[in-house]
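Peer 1: Sequence:
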Amino acid sequence: MSRGTTSVTGDIKVEKSKMKWDPKTLEIRTHSVEKTLEPLVHQVTTLVNHPKKKGSKLGKSKNAHKLAQDIEDATARLIKTGEEIAQEFPEIREEMLAACKDCRGAGDSMRIAAKEFADDPCSSAKRASMVRAARALLSSVTRLLCVADMADVYRLLASLKLVEKRLKELEKASNTADLLNSFKNLGNDLMDLAKLSGKRQADLKDPHRKDDMAAARATLKESSKMLLSSSKAYVRHPEVDSAKANRDFVMKQMSEAVNAISGATQATGSGGPHPYETPGALATALDDFDSQINMDPTSYSEKRTRPTLEQRLESIISGAAQLADSMSTRDDTRDKIIASCNGVRQALQDLLSEYMNHATGKKKAAPGGSLDQALERMCNRTRELRGQLRRAVVDHVSDSFLETTMPLIMMIEAAQAGNEKEVEECAKLFTDHAAKLEEVANLACSMSVNPEKVKMVRLAAKRLQNLCPQVINAARTLAARPHSKVARENMDVFKEAWEQQLQVLTEAVDDITGIEDFLATTEAHVLEDVNKCVQALQERDPENVDRTAGQIRGRTARLEDVVTAEMENYQQGPYTDNRRGGPGEEVEMEDAAAVLFAEAQARAREQAAYEQLKASGKLQFEVRAEGGEDEGGMGVSSIKVNGVEHCPRKPGHNVVVLDPIGDVYAVRNFNTNAGEGPAMGQFLNQLPEDHVVLVATQELTSREQGNNVAAAAPALERLGAEGPFDPGFHGSYAFSGCTGPAPRFYTKAEVRPRYHGPAIVAQLIPTPAAQKGMVRVAIVATGEDDPKGTGRTSIKVNGIERSPMQRGHNIVILDSDRNFIMAANFDTADPSKGEGAKMAKFLQQLPQERIVLIGTQGTTGTSVNDAKEALYEIGATGNVHPGFHGSWAFVGYTGPEQVKWAKNISQPRYQGPAVIEEMLTSPSAEEEISAMTAAESEYEPVSDYEFEGAVSDYEARSEFDDTDEWEKDKSISKRSARSLMRALPAEEKAKIEQLAEGLKLEKKKLERELTKWDESGNDIIILAKKMCMMMMEMSDFTRGTGPLKTTMDVIDAAKRIAKAGRKMNEKATEIAQKCPDSSSKNDLLAYIQRIALYSHQLTITARVKADVQMISGELVVSGLDSATSLITAAKNLMNAVISTVKASYVANTKHKSGDARGSSLTWRMRAPEKKPLVNLEKDDRVPQLQRAEKVKQESPIQALSEFDTSETKRTPDFY
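Residue numbers (full-length UniProt numbering): 1 to 1215.
FYI, nobody ran anything at the bench for these hints, they're computed from the structure. Here the structure is a predicted model, which is why all the values come from computation and not from measurement. Built from N, CA and C at the ideal position, the CB exists for glycine as well. Treat the hints with care, since some could be wrong.
Here are the simulated SDA-like cross-link-like pairs (lysine to any residue), alpha carbons at most 25 Å apart as the crow flies [to be verified]: (1) LYS436 <-> ALA524; (2) LYS184 <-> SER174; (3) LYS532 <-> VAL545.
Per label pair, the in silico range of CB-to-CB distance [to be verified]: (4) ASN450 <-> GLU83: 47 to 53 Å; (5) LYS252 <-> GLU801: 55 to 61 Å; (6) PRO908 <-> GLU869: 22 to 28 Å.
Generate the whole structure from the sequences, applying the supplied hints.
Peer 2: Structural data, given as structure tokens:
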């Protein structure tokens, strides 16, 4: 078959003479051809570069024979596939069979040359012969694949040809039935074309061709709806010229899109950038001008340099003048542009004068001299000019994109009314409006240096301009036939198309202009419109008022749209929600954001501390069991591990199990109230060794009601627990233990009866793995094409990510104590960087007793062979190069001892990732275990309930204030939170003491107020005393004293204070409700709100703890910020309590109403202390007679002083 003949695919003929693609050029244009050719290239290259093996006999190589056979098999498979394609596609049968013939011949030559070379790999002549044969084979295979790729092209061209045929059939349709039938066929063919062109688009290598095909496919999709409506309108009204114009436009647009797909499919060579993809002229001129004014003074030439710079500046000023003279430019902006242009002119003359003086030797260049100052002034002037020009552009954008749909709406309304004359008038306005939009879009492009954004704006503006006449034609059709349904549908379709394209242009223009300039300009325009509106009101001009008010509404709506779109670029959070909220929500959102920020800071500090604990092989857990009726309880149980809640919080026994490194292994709930005690025992017995078990009960019932926890007692005993295991009805039971042959030092159970809970166990312990001197490492090395890979290499140590996650070899170093030292990356994928030698030097310089973890990411190059010897020295074996896009993971040790866990795993391409998960023990682990065993008796569980019984008042706990004095001999990292506060620097202690003094003053004020009253029958006085006591305990914690020892103790105290505050609020609110409206009632309600606010703040700041940091190799404690926040919140709350007590007394007694007389609170002054009538103590002094004096009368104030309860006269009974 000759090149000029045609062949038939289905019922469509594709002329091969019109093919623009010559497969003889061997141009690879798709990814599929490249990927198909890649393995063969790899095999041939491996064979050509195959070295002679040591010890091989007679120079023969079995591997070379194997490679040659693989190449022969691959070539045969390609030839077979090509012959099948030739039978399937007659269009390329001739070229394909010729390519198969050439490929078979090249394969035979390659087979012979490869066999000869494999028999004698040392022969240079045979190697050269094989290289020539390999080149010929690759060339013929490439041609075969290119011809095969032509099959896809022919299939796509056939689909395009079919679409063109359907378009012609549709164009010839003369009635509605034929039209709908033709459009149905066209729709099916368009769907087939969309699939084929989509696959081709994804397969193309050239990004410009891809963009062209994507644009053409989008045009086909968008035009199909307009094609149907315009064709129906033309078939129904063939006498209307505008309907035919609509149909012809869409037909032409779709034909051009089909041709564009055909051109992108057959295009050869690399595609150039789009003509619109160029930076703005004015912005580019300014950048070029800035780069030219900075020169060496010695290179300055008065005759050459001055005219060049002045000419360039005048061209810039000319463009700026055109922008300034535009109608949408405000007068003040125009004046500023003119002033900036004059300033730039003057600055240029000053700069050129300085260059002249330095070039002639009159002045010498010096840092900060006159030349540098002139250059700086010049740059400032050009920067000011840029700003004014951008402001002028935004002026145009703000005005032109304000009421973009109004001209269209006016034209459609006139068309629906059948007023053709008015339609023509509106069409003129609509055309001017579209031209203005295009002009403003081009102005915005002129001040942008981003070619991609400029292209998007120009394309959108061009499409909008092309669509404008067709929207007018649709309106003319509707005006000529206002009662036609198809005319209305056609108008709606073109209106929708216009609005969509206008939205695309608006978003593109917004993207190319800065949000800061837009906000500033919009603010100025809104103020300007407000002034105009006020002036119109003064002049009693309702039309101007309505028009200006509409502009204000439009600007605010536009501002909302722009800001909302901008917020989409930010992460969702309180800030973006606040920006979207209404004006009335702004203050509330700001307060909420402040609270959330404070909580987030506290959580971030805690999380960082917990990660540091986990990395060092420690974990902190807090177990709280709830009975349901506990004073100060939360109602639900809690099991927190490193600050994260894991408890199921269900009735019965809640169990959380941690693995040897502290990660959650299992979370279960056993409703022992319903007989699940045996299941709980079975679960605990089946747990593996060295797993931490945490148990917290919730709302337990009694044995009589079905509780059978006794069935799990043997399992709990094996964990080290001791009875009793049943706390009784609504009692609470908290437990921490570990599986294994012997109980751990942190095994502990706490049992609380009903009303005396909650039971709490909170401890800081080493993980079971750390106790055995072990660390868990998990390495996941990923290749470029791994089917199950994430694309990122992971190296986790005790569950914490340490990998740099970069291309090449990622290395993590641990010391002999399994602590993280450093992480490094070497980009071995690029042989030109010499990263392999750098990695070798890095590994060789590592000290001894270092654990080395390595994982590759992406592709790796042969430069890793430069580090081969260094890797072998630390335990690597085999080939350290995983191959092209392979993956390699390694665990090694720098010595001097040999370790049994050193290993490396390699996975070839498509079979990764390479994974290593091991529990490692360093050679010094035995010493660590011995040291840790000795230290277990000294390791203090961080718990607050170390005493026996359930007494919780202050007097009962104050005797334990010195329970951590023995911690002074322990390291900082092992101390409790309270003792860490005592280890704060002296400066921070002084500041905390200063704040504590202020709190003491507030405490004395509250003390004086409370001791005036008899607390019997007055719940407000009782609650105030309790709150004062607990707040002073929290204050003592910040100074390292008092009964509170851990952060959890402080948090629980804050929760108890908050609960007491809520009860006080309830009592005070009851008083306020019964009090008549007065200032006293308002004051009381205000103080109630303060208590709620300050209680919430105290709960947030209660997460106080000292931060332990490693600085210069030493542990340093700091905690001023958190302690300051806690004391300040407590001081504020105490002040609010004082005010509430006073206001409650006044409201309850001084403003009596009918309801107030029935109050449940009793306000009685407390009687003074009794004094003996007779002094019974013996007085040895000699009595003296004295003259009787007149009895002195006491004043009422002096008599009332007997009731003074200040600290000097009475010791308080509650603190």
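Peer 1: Taking the hints in turn, state whether each one holds.
Peer 2: The hints, checked one at a time:
1. LYS436 <-> ALA524: holds, 22 Å
2. LYS184 <-> SER174: Status holds; Cα separation ~15 Å.
3. LYS532 <-> VAL545: holds, 8 Å
4. ASN450 <-> GLU83: 47 to 53 Å: holds, 51 Å
5. LYS252 <-> GLU801: 55 to 61 Å: Because 58 Å falls inside the window, the suggested range holds.
6. PRO908 <-> GLU869: 22 to 28 Å: Holds, since PRO908 and GLU869 (Cβ atoms, about 23 Å apart) stay within the stated range.
No hint from the list above goes unmet by this structure.
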